[in-house]
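Enquirer: Sequence:
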Amino acid sequence: DLDLVVTKGIALGAVSYLAKTRRDELLTRFSPGFIHGAADFSEDYSVCREAEIAIGHGAAAMQDLSEGGIFGALWEIADGAGIGLDVALKRIPIQQETVEICEFFGVNPYQMLSTGALLIAAADGEGLVQKMALEGIPSAVIGRTTSGKERILRNGEEVRYLDKPQMDEMYRVGR
Numbered sequence: 155d156l157d158l159v160v161t162k163g164i165a166l167g168a169v170s171y172l173a174k175t176r177r178d179e180l181l182t183r184f185s186p187g188f189i190h191g192a193a194d195f196s197e198d199y200s201v202c203r204e205a206e207i208a209i210g211h212g213a214a215a216m217q218d219l220s221e222g223g224i225f226g227a228l229w230e231i232a233d234g235a236g237i238g239l240d241v242a243l244k245r246i247p248i249q250q251e252t253v254e255i256c257e258f259f260g261v262n263p264y265q266m267l268s269t270g271a272l273l274i275a276a277a278d279g280e281g282l283v284q285k286m287a288l289e290g291i292p293s294a295v296i297g298r299t300t301s302g303k304e305r306i307l308r309n310g311e312e313v314r315y316l317d318k319p320q321m322d323e324m325y326r327v328g329r
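In this note's numbering, the protein residues as written are 155 to 329.
A few of these clues could be false.
[To be verified] Pairs of lysine-lysine, DSBU-like flavour, derived with a Cα cap of 30 Å:
#1 Lys-303 to Lys-318
#2 Lys-318 to Lys-244
#3 Lys-303 to Lys-244
#4 Lys-244 to Lys-285
#5 Lys-244 to Lys-174
Note that these hints are calculated values from the structure, not bench results.
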């Protein structure tokens, strides 16, 4: 079994886009500073550096989190390899601005465009997270691959299963 590592955070690309293009709507609830901070999420869309680090660390697989977000990337990695997953939702890195803006628009951040983030399957996830930290790239181990077919998502004591992701949530709020 391999550790699953996510870099940066989920839905950053989507939230940055919404903060820039739907600013007037967001101003009805949030401060200009809050919106400006969310708009700045898009500063680093490149995943090249973390991909290089992951390859150097012996990563078995990588999937960018663009279309379909983290749920889409998890599905792609599991489906492509014919394996299962056991993922802790609370470990998935997500900014507070992302949570609040997604709540405002009524969309699921786990199924949103997450340009700039990378999902990595590696034997030593904690070691990889430490290497990423040395390069200033935040990351977290969010779970493991399993030999079965079940794709488990844990939220504390609650257990559910990953369904094949539908359309990216960005299409619901409009591009």
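Enquirer: Confirm or reject each hint.
Expert: Evaluated hints:
1. Proposed proximity of Lys-303 and Lys-318 is supported: the alpha carbons are some 13 Å apart, at most 30 Å.
2. A threshold of 30 Å between alpha carbons decides the hint, and for Lys-318 with Lys-244 the separation of about 20 Å falls inside it, so the pair holds.
3. The hinted pair formed by Lys-303 and Lys-244 meets the criterion: a straight-line CA distance of about 22 Å does not exceed 30 Å.
4. With a C-alpha separation of about 22 Å, the suggested pairing of Lys-244 with Lys-285 holds against the 30 Å cut-off.
5. Among the hinted pairs, Lys-244 with Lys-174 is consistent with the structure: their alpha-carbon atoms are about 27 Å apart, no more than 30 Å.
No hint from the list above goes unmet by this structure.
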